[in-house]
Structures are given as C-alpha cells and as structure tokens.
Amino acid sequence: MPLVPVSPRVRTPPLRTRRNVTSVTPDQLAAYRSALGDMQALKPSDDRSYPFHAGHHGLPLPIQCQHGTPLFLPWHRAYLYFFERELRDREAERARREGRAAREIAQPFWDWTVPAATPVEAIPVAYRDKKDAAGGANPMHHGTVSPAAMEQQHDLRPPVGPLDLPAETFRQPGLPGTERPTKERIDRIVAEPDFVTFYRRLEDWHGRVHVWTGGEGHMRHVPLAAFDPIFWAHHCMIDRLWRLWQLAHPPPPFTDAFLNTALPPFPMTVAQTLSVTALGYDYATTAVTVPVGPTRED
Amino acid sequence: MDRFESQPIEIPGAERTDFSRADLIFRSVDHSGDSFTAHVFLDNPGADETTPLDEANGYAGWFAIFGHGGCAGDVGHCDPPVDQVDPEDQRLLHPLTPHTKIVLITESLRRVPGPEVAVTVIPVISAKEAPQRADVLYFESLEVAIYD
Numbered sequence: 072m073p074l075v076p077v078s079p080r081v082r083t084p085p086l087r088t089r090r091n092v093t094s095v096t097p098d099q100l101a102a103y104r105s106a107l108g109d110m111q112a113l114k115p116s117d118d119r120s121y122p123f124h125a126g127h128h129g130l131p132l133p134i135q136c137q138h139g140t141p142l143f144l145p146w147h148r149a150y151l152y153f154f155e156r157e158l159r160d161r162e163a164e165r166a167r168r169e170g171r172a173a174r175e176i177a178q179p180f181w182d183w184t185v186p187a188a189t190p191v192e193a194i195p196v197a198y199r200d201k202k203d204a205a206g207g208a209n210p211m212h213h214g215t216v217s218p219a220a221m222e223q224q225h226d227l228r229p230p231v232g233p234l235d236l237p238a239e240t241f242r243q244p245g246l247p248g249t250e251r252p253t254k255e256r257i258d259r260i261v262a263e264p265d266f267v268t269f270y271r272r273l274e275d276w277h278g279r280v281h282v283w284t285g286g287e288g289h290m291r292h293v294p295l296a297a298f299d300p301i302f303w304a305h306h307c308m309i310d311r312l313w314r315l316w317q318l319a320h321p322p323p324p325f326t327d328a329f330l331n332t333a334l335p336p337f338p339m340t341v342a343q344t345l346s347v348t349a350l351g352y353d354y355a356t357t358a359v360t361v362p363v364g365p366t367r368e369d
Numbered sequence: 025m026d027r028f029e030s031q032p033i034e035i036p037g038a039e040r041t042d043f044s045r046a047d048l049i050f051r052s053v054d055h056s057g058d059s060f061t062a063h064v065f066l067d068n069p070g071a072d073e074t075t076p077l078d079e080a081n082g083y084a085g086w087f088a089i090f091g092h093g094g095c096a097g098d099v100g101h102c103d104p105p106v107d108q109v110d111p112e113d114q115r116l117l118h119p120l121t122p123h124t125k126i127v128l129i130t131e132s133l134r135r136v137p138g139p140e141v142a143v144t145v146i147p148v149i150s151a152k153e154a155p156q157r158a159d160v161l162y163f164e165s166l167e168v169a170i171y172d
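Heads up: the sequence lines are chains A and B, in that order.
Here the first sequence is numbered in our numbering, starting from 72 and rising by one per residue.
Here the second sequence is numbered in our numbering, starting from 25 and rising by one per residue.
Hints should not be assumed to be uniformly reliable.
[Stated by the list, open to error] Pairs of lysine-lysine residues, derived as DSS-like cross-links and limited to a Cα-Cα distance of at most 30 Å, are as follows: (1) A:Lys254 / A:Lys114; (2) B:Lys152 / A:Lys254; (3) B:Lys152 / A:Lys114; (4) A:Lys201 / A:Lys254; (5) A:Lys202 / A:Lys114.
It should be emphasised that the hints constitute simulated quantities derived from the structure, not laboratory data.
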C-alpha cells in the first residue's frame, strides 16, 4: 500500500465528549462543578466570570442573543464554545495552582425528552441538588444575577414592566400550561430535511423548554435566562440536536453572505460553527480508541 | 391583542384534500414582551385557553414566543428600524425585528369541509405572576400556503 505523505506531524488533541449530564462520572461532574464554581467566584466585572458570560445573552445591555433567524443555532453554538473554553481555562488555572494535570472539562447536555414521574424529577439531579458530593454548595443549582443586570431588570418598561426577580436564580418546572417535548416529537424534527423548517420547529420547542423550566423564574425570560446554570445544559441539548441533524442530512446551500456573517460578541463566523469536531468536541456516546503501537520514527 | 379571530378566509382549492402540505404563516410577529405559547384553531371562534387541544375542537397547532421581556434602554432603544435595507450596513438585525412563525396545518386543513376557514389564535401565558398578562399577541398578517 503506498504511503500518503502527511506533512504536519502534530499531535491532534482528542475530541472532548459532551455527555448527557445523567451519564457523567463523579470525577467529571466534580471537575465541571469546580470550574463553574471558580467562574462564579470571580467578580462580575471580570471578563472571565460567570456573570460576564451570562450577560452576553440578555442583560446587562446589549442583548446579543439571536432568536427567530437562521443565526439561532450558530450563535448559540459559538456562545457555548466560548463558555466551555472559559470553564477549561478555570480548570487549567486551578490545576497549575494545585500542581496537577488539568482534568477534561466538557459542557454536559440535559435531555429534557426523558420521561419523569414529576416535573421536579425531570430536572437532572446534578442541577437539582443544593450540595455537591463533598457537602459544599453546588454551583449548578443556581447562579447569581450581576448587579448591572439586576438594576436593568428593574428598569424594564411597559408592557412588561419590572421583572424584579431575585438575584439568586430559581426554577419552577412544569407549571400548568407548559410542556416539554417527547423524544418522538424531537425525532420527527431531526428527521426534517429542510434546515429552515428544522431550526424553526426546534427553536419553538427550545422556547417552550425555557418556559417549562423557569415557571416564573429566570429561565423563562430572555434577559436573565443565562444566569441559571441549567441554561447551558439546555442549549447544549439544542446544539446536540443540530449536530445529529447535520449527521443525518446533507449540508444546506447556505449563501456566502450567511456563512461569512459574524456572531458578535464572539470572534467567529457562521462558517466556523458548522463543524463541531473543528471546535474540538462531539456528542458521540460511544467512542473506542484503538492503540496501534508506538509513534513512527522520522 | 388578547386573542385573534379571523373572518372566514376563502382559500381557492381548499376543498381539495390532495395537497401535500399546508402552512399557516404568521408574518411580523412581535416578541418584545413576555413568553407565551399560541394555540391555533380552525373554525372554532369560541376557543379559549381551556379548549382541549384536539381534532374535535379544530386544534391545528401552536407556535411559541420566547419573549424578549421588555426594554431596559431609553425611549426608542427597542424600536427596530422600519426599513433596514442599506446593503452597506454590516450590523446584525435589530434584536426586536419581528419574527415569522409557521404552523403546519396539513391534516387540520384537510378536515375543513368548505372553501373557507376561520383562524383563531389564543396566547397562553403559563405563569400566574407573569410580568405581562395581557396584549402579548401581535402580528401583521396571516397567510395560508398550500403546496401541491
């Protein structure tokens, strides 16, 4: 067999696997919580902090999230990417401080199609428990709205008026009149061949899950939703469904103008969001690596 | 508005049932207020929040609004430009640019007996303490699109 020359002799970093939050190991969960807690401990004005990242979505102004357009999926993929990078940076910094190797950090997803006996039980335990395994505060249970966002939520003008939600985020899952989708409904959406129809139907359910989760709490409101840590697991599920759609259907005929659209505040275009593996992660639930011996000598 | 009831809409060819797909397209849907789910009924002008979502009651589908939640800026901050057609304007659309919502009504329309159909839209707000209890529904036009 002729050898095909491969010029870049660089070691490709392994893909990070974004797992179902109910499937992560205790060590993976501890690492994620540690990094998230470190972000939350930074002061809100620090651009590495949790409130800084949460604020990109809604308050404090400007509200930068993209909804109701084909940018919905690319913008939120970029948002998750930079949030996850920050989590990894926090873990790397802690690892340096503690003189150990950094642990893998990947954003877990919340599969909200899984049946549950009660609405509360549909919220994954990792997000429901007030305490972590060591008895400390669980940073996935709630977040804290930044002072600037707190001030601006009070200034909201009619017809909505002041939200005046507390700084500590809360959830009221499954209030009457709210609904989350079944797996069968989502499977039908992922099977939809037309990208526009796919993203519109998925975005509609995305909105309903926000409202189902929040009740009267933060997740139901665009301006404050991202301050609740479950926001990231919710959008990771949306991103996963887009990935599954991409695997099942040929690439849509996007225009150059669309592909070259920037996704502020992120230094990324739509085209740069299209490959999750280029962004260093995937959602495969089973991946087996087969070692093939020592590295070839030059 | 708190509900929408159309006059009977004449749809040429609607008495047919051999179309492959039918869409109800809501243009310029406002999303500046609170979140809600809009229940859509055909030929049921008496529908309300409590109407069962089933075939017998003309239920055709739904769309959801994840509401922007009001304006924290000064006067005019949340008013999208009326015309955003400058080809040199590289900015993204104003966040409150109205949305288009499409409800697939293929099977529901097939059950409509005549060439006319009336559309009723009921916005449902789930939270008792929602910051906006009334007037969440606004759109500029409604279109029925039927595909052979």
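To see whether the hints hold, each was checked on the structure:
1. Pair hint lysine 254 of chain A plus lysine 114 of chain A does not hold up; C-alpha atoms about 40 Å apart against a cutoff of 30 Å.
2. For the suggested pair lysine 152 of chain B and lysine 254 of chain A, the alpha carbons sit about 29 Å apart, so the restraint of at most 30 Å is met.
3. Of the pairs offered as hints, the one joining lysine 152 of chain B and lysine 114 of chain A is violated, with about 34 Å between alpha carbons and a cut-off of 30 Å exceeded.
4. Only pairs whose Cα atoms come within 30 Å are accepted, and lysine 201 of chain A paired with lysine 254 of chain A is accepted, the gap being roughly 28 Å.
5. As the CA atoms of lysine 202 of chain A and lysine 114 of chain A are separated by approximately 22 Å, the hinted pair is consistent with the 30 Å bound.
In the structure shown, a violation is registered for the earlier hints numbered 1, 3, in ascending order.
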